[in-house]
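Enquirer: Add chain B to chain A, keeping to what the hints say.
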Amino acid sequence: MSDPAAGGEPVGENVAGESPETEPESVTDETTVYEDDVELERTIGLVGGLAIGIGTMIGAGIFVFPGLAATEAGPAAALSFAIGGVIALLVALPTSELATAMPRSGGGYYFVSRSMGTPYGAIVGLGLWLGLVFASAFYLVGLGHYIVAVLAEVGVSLSGLPVPPHVLLGLVFAVALTVLSVGGTENTAKLQNVIVVVLLAILTAFLTYGVLDAAGVFGRESVPGEFFSQGQLPVLTTAALVFTSYLGFAQVATVAGEIKNPSRNLPLAMVGSVIVVTIFYVVTIFVATSSFGAERLGEFGETAMVEVARDLLGFPGAVLILFAGLLATFSSANASILSASRSVYALSRDALLPRWASRINLRYGTPHIALGMAGGPIFVLVATDQVEILAEVASFLHLVLYALICVALLVLRRRDPSWYDPDFRIPGYPVIPILGALASAGLIVFMNRASIVIGVAIMAGSYLWFRYYAADIELRGDV
Amino acid sequence: MTDRPSVLVPIRVLEGESIPDGVPKLLADANVVLLGYHVIPEQTAPGQARMQFEERATARMDELEALFENAGATVERRLVFTHKAQQTINRISHDEGCLAILIPDTVAEMDDVLVAVRGAVGIDRLARVVSGVFAGSEASVTLYHVAREGESDADAQTLLDGLTDRLTDNGFDEGRIETRIGRERDPVDAIIDATVDFDALVMGESDPSLATFVFGLPADQVAEQFLGPVFVVQRERPEEAD
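Protein sequences appear in the order of chains A and B.
This note's numbering puts the first sequence at residues 5 to 483.
This note's numbering puts the second sequence at residues 202 to 443.
Pulled out of the complex, with its shape left as it was, chain A reads as follows:
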């Protein structure tokens, strides 16, 4: 089985005189083939793909957001998560179709640049890189909170520091993760798979117990509380906030060039991971709000789930969830840094960023500059300690990408170029991509003003960069 690659060679030169790399000749189930018998092996299977998707997502929704979301929307926060899940699914389906037609590194950026042209590509490509940077910073602040909570549990309190202790720890891990990605040669993908399995096992056990408890099986009084305790509008603003918990499925597409049997594994990994995490999120919020009530939950902040576990299962429960929270936020941050580095590579391959940005160092064989371009800004952003802004800007930049992915699908289906031959065609065309585009754009409206301003500024900056640096580059496939 061999598909032709996306048609039409990209052309043009950037300011530095670099041109986009030529496209591969063909894509098979096991390799990407270039001329002169050069092949790139595909080494990530379905389990690996699911682990990337679930591992990136599950950290934020369960271990950082429940307290924040419950404060804003009350028990209806469960509905906010459900809305986020539905929107993610509306985008995951079109993304899957595009990914099976163009299983190349860069994911959403690649689809948009090949179908709608370089300016759109530059905006979403640079946006994807920075969106992942924002997301990573957000996860690291969460990780900092969990470490502080662990230390508090063993009686160590870090006070008297010039910066809040969770920020300091977030900064330490920002540096550590970047250094680890540059110099680490251990098998990180296997580790990621193990972490995800352990997490899902812990959560399933914990949530099953929680649901039975809320249903009164153990004879305890649960706190019912009014569902829309904060009104109905906050359900939507909260959905916009917590959408950061659903960014991971697109990370699967950024490694599309390395997924084995992409026509089967890409859709399964993307859609599957969205469905799995949506179920976990909704049940988590339900359990959390039934055990404490939304208001008290909010007072516990980022590590609210630890208190829920303590209430349900006592000290061992708290320890278990602390451990899970550490694993989850760590794996989310790690996966996002690696994806950000992959995005830099995709942009540099197309000459939208300098070629040196994706250089590999000879000692470790890792892209130290691209990883640094992820780690550096992450460090600065962690220092701001603005959890909600970080989360929303990350969501904003991804939502713009998602809306354009849906538009890209509409464009390609209408234009129907000869090279466009996806193995997976979504049901419900054109309703699903239209709804996906509208919902993605619509969610942005409910964000904080500050987040929207920062997001728009980044998009404008990306466009200006394109005009200055790579105005002559044409990436769109032949019509």
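Treat the hints with care, as some may be off.
[Unchecked claim] Calculated from the model, a selection of chain B residues having no Cβ within reach of chain A, i.e. all distances over 12 Å:
#1 G223
#2 N271
#3 G323
#4 I324
#5 R329
#6 E352
#7 Q358
#8 D374
#9 D387
#10 D394
#11 D398
#12 Q426
#13 E437
[Stated by the list, open to error] The calculated lysine-lysine pairs, modelled on DSS-like cross-linking and capped at a C-alpha distance of 27 Å, are:
#14 B/K285 / A/K264
#15 A/K194 / B/K285
#16 A/K194 / A/K264
Just so you know, these hints were derived from the structure itself, not from any lab.
We put the beta carbon where it would ideally sit given N, CA and C, even for glycine.
Expert: Okay, now just chain B, sitting in the frame of chain A:
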């Protein structure tokens, strides 16, 4: 003249690994599938490595290809950037229908070749490799079988004679074939001990089992201790069902 058997020669092309002396001559009658591969860590996209290293790797592949062609072999070449070397080697071996994989090592004089015979399964492929590679040379081959418990010498001799017949059918000079039967407990140790007097070794790939996960493949264990080239004859892969 028999068909040229396809023999896979995997080389870490960017890490200075080269073709040891004598190997091109050894494979003069084979169809060499030259696999240059470069293993990269998971943090790196394979395409990223290609952008930076393709030119250097291709130049190196040209040199290696010329080495084999000058010795008289036919050459197919593949250059692969990968995260997992074993997956790539297996895929290419299957793709190109390779009968054996060569674990290369220096060989000065090619006089005596040890052929380890495990059983009747896959003996046809073993015969094709031995006759294809060595029939045209001066080397003599010793067919060696380590008998299992309860296996009589007569049974073992029948097995080796069967292989001898196949080799002579393929045009191998019978005067250059010897047979030997071993009675040791551990076949892998027995083969390692036996290799002392030989210049090259041909052996079968064994089925993956629990023991291979713990101790590694027997072929790898042997290759580590034997200071000469080892041909690992690949078992027939069932056609994958789609």
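Enquirer: Does each hint fit the structure? Answer for all of them.
Expert: Hint check results:
| no. | hint | in the structure |
| --- | --- | --- |
| 1 | G223 | 27 Å, holds |
| 2 | N271 | 20 Å, holds |
| 3 | G323 | 25 Å, holds |
| 4 | I324 | 30 Å, holds |
| 5 | R329 | 26 Å, holds |
| 6 | E352 | 41 Å, holds |
| 7 | Q358 | 44 Å, holds |
| 8 | D374 | 37 Å, holds |
| 9 | D387 | 31 Å, holds |
| 10 | D394 | 35 Å, holds |
| 11 | D398 | 40 Å, holds |
| 12 | Q426 | 27 Å, holds |
| 13 | E437 | 20 Å, holds |
| 14 | B/K285 / A/K264 | 12 Å, holds |
| 15 | A/K194 / B/K285 | 12 Å, holds |
| 16 | A/K194 / A/K264 | 16 Å, holds |
This entry satisfies every hint, going by the numbered hints stated previously.
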